[in-house]
Amino acid sequence: MMMLSEDKAKVLTDKILAMVKADDAAVSVNSSKNSHLRFANNNVLTSGSREGLNASVTVWIGGKRGTASTSDHSDASLQAMVDEAERIARSAPVDREYVPTLGKQIYKPVNSYFEATANLSLTDRARQIGAVISECERNKVIGAGFHSASSQAGATATRNGNFEYYRSTGVGLSVTARTPDGQSSGYFQRSHDDIRRLDTLRIARESVKKALDGRGARAIDPGVYTVILEPQAVADILGGGFSGLFNARNAEEGRSAFSAPGGKTRLGEKMFDEKLMIYSDPWHPELPGQPSAQGGIPAQKLFLVNKGVIETLVYSRFWAKQKDKMPTPGPVNTILESAGPITSVEEMIRTTERGILVSRFWYIRATDARNASSTGLTRDGVWWIENGKVAYPLKNFRFNQSTTTLLGQGNVLAISKPERVGGSEGGNGFLLPHLKVKEFNFTSQSEAV
Amino acid sequence: MGFSRRDFIKSAGFAIGSVAAPVWLNGSAAAMAAEAFAEVKKDDLADTALATAKRLGAGYADIRINRYRTESVSTRERQVLNVSSSQNFGFGVRVLVNGTWGFAASPIISVDEVRRVTSEAVAIAKANSVIQRRKIELVPTPRITATWRSSFEKDPFDVTSNEKVAALLAINESALSIAGITFVNSQVAFVNEQKYLATSDGSRIEQYLIRTNPSFSVTAVNRSTNDFQSVNSLLQAQNIGFEYLTKRDWAADAKTAAEHAVMKLSAKAVEPGKYDLVLHPSHLFLTIHESVGHSTELDRALLWEANYAGTSFLTPDKTGKLKFGSNMVNFVADRTQPQGLATVAFDDEGVPAQEWDLVKEGVFVDWQTTRDLAKLLGRDRSYGCLHADSWGSVPFPRMPNVSLKPAKEDITQNDLISGVDKGILIYGRGSYSIDQQRYNFQFGGQTFWEIKGGKVVGMLKDVAYQSKTTDFWGSLDGLGGKETYEIPGSFNDGKGEPGQSNAVSHGCPPARVRNIYVLNTSAGLSAGQMEDHE
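These protein sequences, in sequence, are chains A and B. For the first sequence, the positions run 1 to 449 when our numbering is used. For the second sequence, the positions run 450 to 983 when our numbering is used.
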């Protein structure tokens, strides 16, 4: 199966729009290929390839809306899809949040498609994973991991004349190394759009090193500690819906950590540490984002947090219209940088009298939306820092922590240069640094390895 | 549970030995879709896949040709946000070549594409067999020819979207009738799986499943104090049809939830400390899921999930030995429970659905297995836990319904409460988090009720409890009887790489557990606020 070219995608979206009798419509077509190799116990577990097609249409008839989709691009199936969407729309109540679809937009291209990734060869992948497994065997650790690659190409179009074609590739590898006695575990993962930028052996070595360095972990009392979070740990914290905090509607409706008394919001307030810059940039060379944001609006670079101040709340097209604002052109990725000088992780450790270095978090779940609190656990590498040096490995902890307090004024002590990382439980669009924070709240010990 | 496998087969329309005329065809819109599915010459496609795989050197092969339909409706307050309908059709071929798995899948249904995709699956297996250290082997399973459909009265795909919208708007209206309720969201999703499986062992199986997943959330906001509280629906998805929306009074549930959301704004914040807990099935099912369902997955114990979902504190050497809970704790794995979301007639490699003990009288006794896992355990058959969430997903070990047996005696929830001096009664699933070996956990809920002197005396808020799996189940000293048994479930249980989503239920009565640490989840969580309870 071939991926959709721009011409082919245009033919398909035109065909679907021509089938539509409704007043307004938004259509999308997509083709994809995903492949993976999963290993565990230093042995291949599963490996596969999946091709996919999708088409979907949302129509409005007299302001009433219906949506249908199909995995079959044949004319008969597309017609059945359009008929189904129109059948739903005709019998639905009026969509009170309907905003007419966009007319023609201009998109500034983003370079996120790489042939080398799309054409990944089976033998190359097997050779690379074979080398990862050999690295684990050589170090007498038990390796498990997941190598995956994806490519997608598709387009969206509207009855009002917009058309956007977008294609992208992605490849990633995560490796977990465990010591045979089950007492220590290390994890490392990285991903990129371009397979030539993915250093699989480095990922294996970092994971193995963490497992070996984590042997002989000691238990210490839970409590409030100064911590240094590796970029992976920062990604895990922010991956749990951090950008959702910036939803304007929730804040204005009084049900968000960014709500203020009397129907106001925290927009413009210095709620975060002044060292923090948090922004989205579709054209960042290390982290290309999609060229379009919600509803097909051309994405723009925008700051969510500028020197600690909430600079943007995100307005959907509907909510913007209600509130007489412009719809927000993002975010399409998450980048956290220091507003001032950067500090290396070595320097962060050297200046720490007593503290904890955290590699990664796991199973983070929100506990209180009012203050953006969540609970979760450390996993795969925790170390005690004493007198400027990593002293010994620690057993895991559970934490209960408000994210706004974590990143709040005075709590962020140092920020390193960011690097590209994905969240352990999802979310792939992060460029994040090491963060040293003054107080982090661990609430119980966890024996899990 | 009192439901034998024989009853199950009888009631569910099981028809062994016949694939020509699917039993679910009945002239409806659903039947038209099923007919379209039936029109595809699946046996011919399967013959092509299995012959191609064999010719290219596969020792075992199977093909799944599946169609999935979903319909979703979402609303807020007095308006509809969206009604959507989707269908997804394709096939996936799995081959075992030289003891290495290969898999490939495509949405294009044709003999040529089946041949091409099968060749790709074999090529993947061969490329990786070079780095395979130990070969995958399968235990045998009987050859089956069968069709089956899940147990439902009214196919939701025969019901107009108007009726679905009206049902949700009635829920919203009921919630909005309570003063102080500002927001209500409600949604329902219906899923139909039409699954065909052919294996090189000679099995040919068709299954037709319906799932229904309604839910709502109500929110009360106090703008002057900048406070808000939500309560979600207590009921969860089930393997039944549209009758789930009509036979139960959801509007009454919404009204109660709305009253509770308003009460929560002024409810007493919990004082951290040790409490006895009485846990309603709408809450307890998720604690079972996380601490029992996942810890007894053999693939986790054998480190197959080490890189993502995690391993297990249970290991094969603890089978039959480890004290998992108190003597009254009995967990059964069961893929035959009516309305259970993981209920099927056969798993995705043709193994018949079964019921077996996982924890018996407090002792951990057995695992969840598939054909390759059973071989590693030295068993001669699988318990039938292989599942793929799509034609395009590699099937892998997934959880059956894992359920807690009720007490033999006729015990009510109030009987359990009457035995508590200082405690909390918890309803509904809230925030939940558990470590990667399924031991240290923290669970919240939807509504919390203070128990004093054997009676419920008022509402609490900001409650979550922390415990460890064996401590928690070891502290259980009371269970409700058969009359209190419910079977809540979850539509989306994530596991595996690439990630897959599985629907699963956990039947249980209310349970009483003693002396569990409860924390207060609100406020700034400043230094020293949390009690060290280790």
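Just so you know, these hints were derived from the structure itself, not from any lab. Since we're looking at a predicted model, the values are computed, not measured. Note that the Cβ used here is the ideal one computed from N, Cα and C, for glycine as well. Hints are supplied without guarantee of correctness; some may be wrong.
Have a look at the derived ranges for each label pair, beta carbon to beta carbon [to be verified]:
| id | chain 1 | residue 1 | chain 2 | residue 2 | range |
| --- | --- | --- | --- | --- | --- |
| 1 | A | V94 | B | A485 | 29 to 35 Å |
| 2 | A | R218 | B | K717 | 36 to 42 Å |
| 3 | A | Q79 | B | P591 | 20 to 26 Å |
| 4 | A | K323 | B | N863 | 45 to 51 Å |
| 5 | A | K108 | B | A701 | 39 to 45 Å |
| 6 | A | K140 | B | G943 | 52 to 58 Å |
| 7 | B | G943 | A | D221 | 51 to 57 Å |
| 8 | A | E6 | B | R672 | 48 to 54 Å |
| 9 | A | E269 | B | R582 | 35 to 41 Å |
Against the structure, the hints:
At roughly 32 Å, the beta carbons of A:V94 and B:A485 sit within the given window of 29 to 35 Å. In this structure the supplied range 36 to 42 Å holds for A:R218 paired with B:K717, their Cβ-Cβ distance being about 39 Å. The hint said 20 to 26 Å for the Cβ distance between A:Q79 and B:P591, and at roughly 44 Å that hint is violated. Range check, A:K323 to B:N863: Cβ separation about 50 Å, and the 45 to 51 Å hint holds.
Between A:K108 and B:A701 the beta carbons are some 54 Å apart, a value that contradicts the proposed interval 39 to 45 Å. About 32 Å separates the C-beta atoms of A:K140 and B:G943, a value inconsistent with the hinted range of 52 to 58 Å. Checked against the hint of 51 to 57 Å, the C-beta distance between B:G943 and A:D221 comes to roughly 33 Å, which is inconsistent with it. A beta carbon spacing of about 49 Å between A:E6 and B:R672 agrees with the range 48 to 54 Å that was offered as a hint.
Between A:E269 and B:R582, the C-beta spacing of about 57 Å breaks the proposed range 35 to 41 Å.
Consistency note: the structure conflicts with the earlier hints numbered 3, 5, 6, 7, 9.
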